[in-house]
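Asker: Below, each chain spelled out in residue letters.
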Amino acid sequence: MKIRDLKWLFGRNSEFWPTNIKTGMWAWIGHRITGLVLVVYVFMHLSFLSTASISSGDFNSLMEVTSKPLFVAMDFVLIIAVIFHAMNGFRVIMFDLGLGVRHQKLVFWIAMAIAAILIIGGLWALWDIIFVPSEGGG
Amino acid sequence: MPDQRIATTKVAGTWAWFFQRLSAVLLVVFLGIHLYASHFMDLGEHESGESLISFDDVTLRLDQVFYIVVDYGMLSMVLVHGLNGLRTVLFDFDMFVKRKKYIDVGLWMVGIVTLIWGIVILFPFITGG
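The listed protein sequences correspond, in order, to chains A and B. Just so we're aligned: 19 in the numbering used here is position 19 of the first sequence, and the numbers increase by one with no gaps anywhere. Just so we're aligned: 1045 in the numbering used here is position 45 of the second sequence, and the numbers increase by one with no gaps anywhere.
Honestly, I wouldn't trust all of these hints.
Claimed, not checked - With a straight-line Cα cutoff of 30 Å, these simulated DSBU-like cross-link-like pairs (lysine-lysine) come out:
id: 1; chain 1: A; residue 1: Lys-2; chain 2: B; residue 2: Lys-1100
id: 2; chain 1: A; residue 1: Lys-2; chain 2: B; residue 2: Lys-1098
id: 3; chain 1: A; residue 1: Lys-22; chain 2: A; residue 2: Lys-7
id: 4; chain 1: A; residue 1: Lys-68; chain 2: A; residue 2: Lys-7
id: 5; chain 1: A; residue 1: Lys-22; chain 2: A; residue 2: Lys-2
id: 6; chain 1: B; residue 1: Lys-1100; chain 2: A; residue 2: Lys-7
id: 7; chain 1: B; residue 1: Lys-1098; chain 2: A; residue 2: Lys-7
Said to hold, decoys possible - Chain B is nowhere near these chain A residues, computed Cβ spacing over 10 Å in every case:
id: 8; residue: Lys-2
id: 9; residue: Lys-22
id: 10; residue: Phe-43
id: 11; residue: Ser-53
id: 12; residue: Arg-102
id: 13; residue: His-103
id: 14; residue: Lys-105
id: 15; residue: Val-107
id: 16; residue: Trp-109
id: 17; residue: Ile-117
These are computed hints drawn from the structure, not numbers from a lab. The structure displayed is predicted, hence computed values, not measured ones. C-beta: ideal position from N, C-alpha, C; glycine also.
Chain A on its own, in the form it takes in the complex:
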């Protein structure tokens, strides 16, 4: 394969070149990336829960580690992925049902506005754990 064969993917005239990407394409790319992140997360989640099969003490000490600011900040990334994926998924289902297709850009931005509000709510809920140092020096 020659480099110029990949022009459709990386070239300036490619539909994937950032300035050529249209609203629906951003939604599609975002849905893929967040979806893959969530699949990885689920298997991490199951692995972490499996420590309980070793002993309850192992599980409890892992829960203590995951409540540290760095991990809770990663939880915030998870919140962003979940909310984007859910809101965009809602938009996909709407279009499958034939609702709002004619106003697809508006529907996308309404979905993103709701997502932004929910994400800010999530940040508000996690703020103290991430940014306010606990007395125990967590």
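For chain A, the structure is supplied; the task is to place chain B on it using the hints.
Answerer: Here is chain B on its own, set in the frame of chain A:
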């Protein structure tokens, strides 16, 4: 390229499409219950007043069959949705479309093994250690 993308939507199948939507809706419901039960519901046993989850908290919650059904139901829907989503992504690549049978068998195996893993994970919480 556009022709190939249209072709891959045919590869995935109508049932896959349908269950992807069904599991999506169920997951939003399950996730709401799961998050509320794990992080907000008062089990009446946080002496320290902290929100840290402990083994005993989870055991107490899973004393109720309802939460076992929620957790295991959520795992099964996660697997349907996640693995089916992964399948859709893979089938956007010709090299995986050509090996459709192997991908399907592989993903089913991952799903079934993970469902069994789920029982193993729940076991200590249900028996209490």
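Asker: Against chain B, does Trp-109(A) keep a CB gap of more than 10 Å to every residue?
Answerer: holds, 21 Å
Asker: So is Phe-43(A) really clear of chain B, every C-beta pair being over 10 Å apart?
Answerer: violated, 8 Å
Asker: So Lys-22(A) supposedly isn't at the interface. Is its beta-carbon more than 10 Å from every beta-carbon in chain B?
Answerer: Given a closest Cβ separation of 13 Å, the condition holds.
Asker: Please verify that the nearest CB of chain B lies beyond 10 Å from Ile-117(A)'s CB.
Answerer: holds, 16 Å
Asker: Need the status of pair Lys-2(A), Lys-1098(B): alpha-carbon distance at most 30 Å?
Answerer: holds, 22 Å
Asker: Would the hint linking Lys-22(A) and Lys-2(A) be met if the CA-CA limit is 30 Å?
Answerer: Holds, because 28 Å separates the two Cα atoms, which is no more than 30 Å.
Asker: Per the stated criterion, does the least C-beta distance between Lys-105(A) and chain B lie above 10 Å, as a non-interface residue requires?
Answerer: holds, 20 Å
Asker: Does Lys-22(A) pair with Lys-7(A) here, judged by a C-alpha cut-off of 30 Å?
Answerer: holds, 18 Å
Asker: Straight-line Cα separation of Lys-2(A) and Lys-1100(B) no greater than 30 Å?
Answerer: holds, 27 Å
Asker: Hint check: Lys-68(A) vs Lys-7(A), CA-CA at most 30 Å. Holds or violated?
Answerer: Between Lys-68(A) and Lys-7(A) the Cα gap is close to 45 Å, so the pair fails against 30 Å, i.e. violated.
Asker: Far enough from chain B: is every CB of that chain over 10 Å from the CB of Ser-53(A)?
Answerer: Non-interface label fails for Ser-53(A): nearest chain B Cβ at 6 Å, not farther than 10 Å.
Asker: Mind verifying the non-interface call on His-103(A)? Its CB should be farther than 10 Å from each CB in chain B.
Answerer: Non-interface label stands for His-103(A): nearest chain B Cβ at 21 Å, farther than 10 Å.
Hint compliance for this structure: hints 4, 10, 11 are broken, all remaining hints hold.
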